[in-house]
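From first to last, the protein sequence lines are chains A and B. When we follow my numbering, the leftmost residue of the first sequence carries the number 139, and every step to the right adds one. When we follow my numbering, the leftmost residue of the second sequence carries the number 665, and every step to the right adds one.
Hints listed in this document are in silico derivations from the structure and should not be mistaken for laboratory results. Certain hints may be false.
Stated by the list, open to error - Not the full set, but computed from the structure, chain B residues with beta-carbon under 7 Å of chain A:
| hint | residue |
| --- | --- |
| 1 | T711 |
| 2 | L770 |
| 3 | A774 |
As the list claims (entries may be wrong) - In silico SDA-like links for lysine to any residue, alpha-carbon gap of 25 Å or less:
| hint | chain 1 | residue 1 | chain 2 | residue 2 |
| --- | --- | --- | --- | --- |
| 4 | A | K152 | B | A749 |
| 5 | A | K149 | B | E702 |
| 6 | B | K700 | A | K152 |
| 7 | A | K149 | B | D690 |
| 8 | A | K149 | B | Q708 |
| 9 | A | K149 | B | T759 |
| 10 | B | K731 | A | E182 |
| 11 | A | K195 | B | T759 |
| 12 | B | K700 | B | E678 |
| 13 | B | K700 | A | A226 |
| 14 | B | K732 | A | R197 |
| 15 | A | K149 | B | A749 |
| 16 | B | K700 | A | E221 |
| 17 | B | K731 | A | K149 |
Claimed, not checked - Taking CB as the label site, the calculated pair distances span:
| hint | chain 1 | residue 1 | chain 2 | residue 2 | range |
| --- | --- | --- | --- | --- | --- |
| 18 | A | T158 | B | T766 | 42 to 52 Å |
| 19 | A | E166 | B | Q723 | 44 to 54 Å |
| 20 | A | Q218 | B | A741 | 40 to 50 Å |
| 21 | A | Q218 | B | F714 | 37 to 47 Å |
| 22 | A | R160 | B | T694 | 23 to 33 Å |
| 23 | B | T766 | A | T151 | 42 to 52 Å |
Positions of the beta carbon are idealized from the N, C-alpha and C atoms, including for glycine.
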Amino acid sequence: DTGVSQDPRHKITKRGQNVTFRCDPISEHNRLYWYRQTLGQGPEFLTYFQNEAQLEKSRLLSDRFSAERPKGSFSTLEIQRTEQGDSAMYLCASSLPDRLGRSNQPQHFGDGTRLSIL
Amino acid sequence: GEDVEQSLFLSVREGDSSVINCTYTDSSSTYLYWYKQEPGAGLQLLTYIFSNMDMKQDQRLTVLLNKKDKHLSLRIADTQTGDSAIYFCAEDMGTYKYIFGTGTRLKVLA
């Protein structure tokens with residue numbers, strides 16, 4: 139059994155370029171989350187999917203950011219026209235729903251994609 | 665408001681107990697979590713506690729929750745060098761997102 143898988147582990151790009159990250163959740167998990175973590179801080183919520191539906195987006199997710207989960211399995215997070223402030227670790231997590239439909243099943247995290255903007 | 669606070673550093677000697685503290689502000693939290701992060705890695709779930717519980721024990725880990733004071737603690741018994749990492753508490757308010765603290769860096773001295 140594999141955990142949450144993220145690709146690539148590291149991405150270095152020039153300012154202004156577009157980048158795309160991929161997350162493969164644990165196979166039976168229908169909920170998927172993206173977080174951003176900057177140096178010395180805890181993760182901050184970006185967005186959440188239940189199956190293929192994107193149900194919540196943080197104010198941190200500017201219009202340069204887009205996340206998709208087209209078939210309810212893997213997800214991609216794209217950042218267009220990257221800026222220096224986008225440098226961070228992007229973490230993906232997944233979870234099972236509980237029987238009552240509330241999100242109190244723990245979120246399991248991948249190892250993240252570290253983005254560095256030159 | 666949403667705010668989770670932790671002290672930044674903790675240093676203990678190998679074999680001693682470590683106690684990592686966390687305070688949160690939102691009384692509607694349903695579950696509270698402890699995660700461990702090693703350098704360059706993601707977050708590893710350690711344990712969690714439902715808000716109507718006072719204590720949970722899991723092997724070397726003991727979680728204490730004081731809901732009145734909105735205070736959560738994680739005690740690690742017989743701390744080992746492999747426990748050196750950053751520890752995050754997080755609250756789940758049932759809105760699908762977790763609110764994380766800034767993390768406590770635990771250093772275990774041999």
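Open item on the list: When the structure is checked against the list of hints, which entries are broken? Sort them ascending.
Closed with: 1, 2, 3, 4, 6, 7, 9, 14, 16, 17, 18, 19, 23
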